Structure formats: structure tokens, C-alpha cells
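Join these two chains into a complex; the hints should help.
In order, the protein sequence lines correspond to chains A and B.
The numbering of the first sequence is our numbering, which starts it at 45 and goes up by one.
The numbering of the second sequence is our numbering, which starts it at -3 and goes up by one.
None of these hints come from the bench; they were simulated from the model.
Computed from a predicted model, the values in this text were never measured in an experiment.
Each residue gets a CB set at the ideal place from its N, CA and C atoms; glycine is no exception.
A few of these clues could be false.
[Stated by the list, open to error] Straight-line alpha carbon distances no greater than 30 Å define the calculated DSBU-like cross-link-like pairs of lysine-lysine that follow:
hint : chain 1 : residue 1 : chain 2 : residue 2
1    : B       : Lys62     : A       : Lys120
2    : A       : Lys101    : B       : Lys37
3    : B       : Lys37     : A       : Lys138
[As the list claims (entries may be wrong)] Between beta-carbon pairs, the in silico distance windows are:
hint : chain 1 : residue 1 : chain 2 : residue 2 : range
4    : B       : Leu70     : A       : Gln123    : 33 to 41 Å
5    : A       : Asp49     : B       : Lys51     : 31 to 39 Å
6    : B       : Gln98     : A       : Ala60     : 25 to 33 Å
[Unchecked claim] Over the 12 Å line for every Cβ pair with chain A, so calculated as not near, a few chain B residues:
hint : residue
7    : Val0
8    : Ile8
9    : Val15
10   : Glu55
11   : Leu70
12   : Thr71
13   : Ser79
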Amino acid sequence: GQNIDQPTEMTATEGAIVQINCTYQTSGFNGLFWYQQHAGEAPTFLSYNVLDGLEEKGRFSSFLSRSKGYSYLLLKELQMKDSASYLCALNDYKLSFGAGTTVTVRA
Amino acid sequence: GAVVSQHPSWVICKSGTSVKIECRSLDFQATTMFWYRQFPKQSLMLMATSNEGSKATYEQGVEKDKFLINHASLTLSTLTVTSAHPEDSSFYICSARVTGRQETQYFGPGTRLLVL
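Chain B on its own, in the form it takes in the complex (with noise of 0.2 Å):
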């Protein structure tokens, strides 16, 4: 299937510091990615959708400011988290659509994001 990946896997950083998230496909184009956070046994919840060439979309509630997105090619999406904070620690996870003969989406082995 295909391949998604994500850069760092892990980071610890310092509060009020900006870490940026990586989200690449590896074997295909992706015209659209996707963010998600997951706190400890919780389900994934979708921060925003990502679209190649044009803004994210951020869902009711995400800071827009605070989570940027950037999309710049078919392969590589980018999520910044500025000034972070301890509350933002959680396992980031990317996800790219696939379209054509069956649907699905690809998830990203995930980052884990621990600020102190």
C-alpha cells in the first residue's frame, strides 16, 4: 500500500518554543492531507485538512495561528506548532487521501510532541 511518513517521530521541546511536523507521501501524490491529534485513550480528532496549493482548512475550535499548515507540494505537508505549550503534548498524525479505483486514506506513523 501506499507509504506516508513523518519527520520527527518524537520531540520534547521547551514551552514557547515552535516545532515543525513534517508529512510526506512517499509513492504518490497527495492533493490532500490531513492533521490529526490524539490525547491518551482518546480517539483521533481532525485538526484540518490540508490542500496543495491553498489554505488549510482548520476545524471549529483549532487555532489557526497557532497550528500552521503549510501544503507546498503534491508530497509534503508541513504543520507548525508555535509557542508551545504543555497542553499541546500529543501524538500528532497525518493522513493522505487517495483517490481512484478505491478511497481510503494513509495514515503517518504519527509524532509524539512532549513540551515542558
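Pulled out of the complex, with its shape left as it was, chain A reads as follows (with noise of 0.2 Å):
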């Protein structure tokens, strides 16, 4: 398997900044989604990473390294409605993904 590893829950304080780390155990894959769910809501799409480096959308980076088998999300200037399921996929035409990690925001 690809055996996706990601923390179960993180807290954090509002305006902080937070990474959420996952990695995986397999090399050939398309590319690595990060994507958002609230609950009870299907997930919303946030990042893809196809090569290595750092991929930055407004307060939310992915990042990739292959040779190292990680990627980190990261989620700065942390507002409440961030407090969601963050869940990292390797794409190789299927989408495998991680059990996901639990981010509860804090005021």
C-alpha cells in the first residue's frame, strides 16, 4: 500500500500559523492533492503538487519532495472558519487518501 500518514487532530490559535505534515510510502504517483472538509460537507479542493517545492495560494502553501516521501500544508493567519478535516491524496489516476487530520482553531 502507500501507507499515507497524516496527525489525527491539531490545535491551534486563531491568526497563528499550522502545518499539517503527511507522508506516504510510494513513488510513483501523478501528484499530491490537499483538500478541505468540514463536517458532514464533501471535500473542497485547496492544492495539487506535481513537482517538488513550495506552492503558495493566498494564506494556504503546499509543499512536495518526492525524494523524501513528505508534503506539508500550511495554513497561516488561521481564521475560525478554518477549523475543519485537512486531507493530503496522492493521485495516480485513483485518488488514495490519508485518514486526514483535524484542525480546531481556537479564539
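What follows is the structure, given as C-alpha cells:
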């Protein structure tokens, strides 16, 4: 399998920065997705990394290192609405999801 | 971004009945759609890959005769849960694959199924 690992939970304060790590054990994939999922809703697309390096989109950035089998999602200037589950997924035509990281933002 | 719709958004049915869930790509054509199932506090599990004009490809452990998939057009895929039982109660989500300048998958809003 691809053994996609993410921390189960993270808590941070409003306005802070949080980094969600995702490690995996496969080399053959097209790219890595990050999705945000609020409770009871479907996932929404955040980012897609194909090449190594950092992709920045406003308050959210995602990083990929294929040689290290590692990606992270960086959330800056946290807002209460960022409280959600964050899923990393490997794209090998089909998506394989990690278990997700539940982020709780506190005032 | 691209929009994917699902209908119905929720359904309650009696054990033994069949339920059909529709997944539509509203402003683009999707050759490939995927069906996922998500149980509470768990991640998405891929059930099957739906290709327009051909048979669906099911993941290991998913009964093809129980979960019937039809992808008859480039904008519509349907999932029918046949003879539903309480253990089939779950959140069913479809996604549509978009290729081109940047590949991605857009998810529908999901269908919550409760089988009594």
C-alpha cells in the first residue's frame, strides 16, 4: 500500500500558523492533492503539487518533496472558519486518501 | 471552479429497497467519475471508477452487483445501491476528474444514506 500518514488532530490559535504534514511510502504517483472537508460536507480542493517545491495560494501553501516522501500544508493567519479536516491524497489516476487531520482553531 | 452536483442530498429508506444516486458535472464534460464512501470520522474510501461508455472498475471488496454504476453520458454517472441494508448507511460522494492545464478532481456535495 501507499501508507499515507497524517497527524490525527491539531489545535492552534486564531491568527497563528499551522503546518500539517503528510508522509507516504510510494514513488509512483502523478501528484499530491490537499483537500479541506468541513463536518458533514464533501471535500473542497485546496492545492495540487506535481513538482517538488512550494505552491502558494493566499493563506494556504503546500510543499512536496518526492525524494523524502513528504508533503505539508501550511495554513497562515488562521481563522475560525479554517476549523476542518484536511486530507492529503496521492493521485495515481485514482486518489488514495490519508485519514485526515482535524484542525481546531481557538479564539 | 468546476461544479459537480449530486442528487439526492440525503435519503432514508427501508431495508431491502434500492436507492439511486446521481452525479452530474454541470459545466464540463467528465470522461471519468469516481464514487467514494465515507463512514463517520473516517477518510474517503474509493468504491469504483466510472468511465463513460464502459463498465465501471470496482475496488477490491466492493460488490459490483450491489453497487451498480452507470456512466451513460459525459455529464452523468449514477450509483444504485441495490437491496440496501443498515450497514450500507454512509456518506456517498462522487468526484469528476478534470484534465488539461492542471489536473484535479472536483467533488460533489455528497449524499447521506440512512437505511432503516
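Hints violated by the structure (numbers, ascending): Result: hints 1, 7, 10 break, sorted rising.
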